[in-house]
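Q: For reference, each letter of the sequence shown is one residue, going 1 to 443 in our numbering.
Treat the hints as calculated values from the structure; they're not laboratory data. Every residue gets a Cβ at the ideal spot worked out from N, C-alpha and C, and that includes glycine. Take these hints with a grain of salt, some might be off.
Unchecked claim - Now the in silico label distances, taken between C-beta atoms and shown as ranges:
1. R177 to P325: 40 to 48 Å
2. T120 to L150: 24 to 32 Å
3. P192 to V27: 46 to 54 Å
4. L153 to K10: 20 to 28 Å
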Amino acid sequence: MTSIRLRLLKWLLGPILLVNLVLAALVAGLAWTPAQVAFDAGLTDTASAIAGRVAAGGTVSLPPVAAATTGERAWFVVRDAAGRTRAGTPGFPVLRSGAPPYDAEVDGEPVRVVALAVATPTGLRHIGVARTLRQRLDVRAAIVRSLVVLVSLGTITLVGVVWLSVGNGLQPLARIRAELARRGPDDLAPIPTDGVPFEIAPVVSGFNDLLDKVETGARAQRDFLADMAHQLRTPLAGVQLQLEWLHARHAGDPETLHSLGMMGVANERMIRQVNQLLALARAREGRPGDHVAPLDLSLLVQESIQFFVDKAARKGIDLGFELAPAPVTGDAFQLRDLIDNLVDNALRYTPAGGQVTVGCGVDGGATQFFVVDSGPGIPAARRAAVFERFVRLDDTVTGSGLGLAIVRDIALAHGGSVQLADAQDGGTHVVVRFGVRRTNSSR
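Please model the entire structure based on the sequences and the hints provided.
A: Structure representation (structure tokens):
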């Protein structure tokens, strides 16, 4: 997988480094040339001073070698037209009078030489001055060291600027990625195009078109599911009535009653499946229904208490309620589906003689609804999977595997969340939280 950031950095940093190296070489040359000229001018001045004394006919006494406090050594020579040494160092290199300063060797050491020709009363004389290159090399090394530091700091600064610039330029992509990462699995809303750069606008537009197609397909599936479930409810209700009528007509026939009872159970399961599919279709819309209003979850639970109590009594389950005012804004039909599914699940999976506690209230400024049972519990590794459709942990218990999927979708549609945990005495503790409410602390 290629990276846009790395490609941009490669194409930007490579030329920058190359330009820095070229500029460093040019600056080194520009800085060294004046220094070289200055050193050569010093040699020329020394040679001119000696030449002035020789031209005046004065006696010149030159040492073979002179040492400076800087560690440099210097050599001097005066030769006649025939090339004989009149003063100075006998082993002085060949003089090139009239030529610019040049490099040579004296006593095996590299030197810089300046040669002049001067007319004297006794004939033409050639003056030579040579000096070692140590100070020149020290100056050149200092120039190179300074340039290395400056170029390194400049390169690091440019690399940082380029890195930040590339990162800032890629921020729109990072924002789009972060927005998509925050979305739920069913959020197919288009990506906002406000502030999207011109270069990636076609990509965002194409992605939005794809999301629209996916949303259209998902909506068609939900509509088909809802229509199918709705169409099945009427004939199933008719079958239930017919089974009840037959049950009354054949009250004295045990075998017939047994068959009718089995058919009734199967029909009730089918009716529950259809109702679950309808609830799932409503929940999959990802938003509250059309009847959104301020509600109290405790009142919704009280409306269904009798059904829950009867079902718990048939299984010998101790069903308790801890209800407190629990205000929430939402769709009463969907929230009732959420309550029914959680309580029904708890009663189904709790064995006879167990306990189920249903409660609601406000905790930490957030409205919550919870169900605690003493059933077998849900392993931590399977808690994410149970929110998927048609996933069941125990095939011996009747059910469709849609209950927790419906609960999750309804909670998300109301800005809430579902949490699963282990109950204190074993079993499962399910909590649905509906966001933080603003409380008024004034008296």
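Q: Each of the hints needs a verdict: does it hold here or not?
A: Against the structure, the hints:
1. R177 to P325: 40 to 48 Å: The hint (40 to 48 Å, Cβ to Cβ) holds, given that R177 and P325 are roughly 42 Å apart.
2. T120 to L150: 24 to 32 Å: 51 Å, violated
3. P192 to V27: 46 to 54 Å: Since P192 and V27 have Cβ atoms about 50 Å apart, the given range 46 to 54 Å holds.
4. L153 to K10: 20 to 28 Å: Holds: the Cβ-Cβ distance is about 22 Å, inside 20 to 28 Å.
Checked against the numbered hints above, the structure violates only hint 2.
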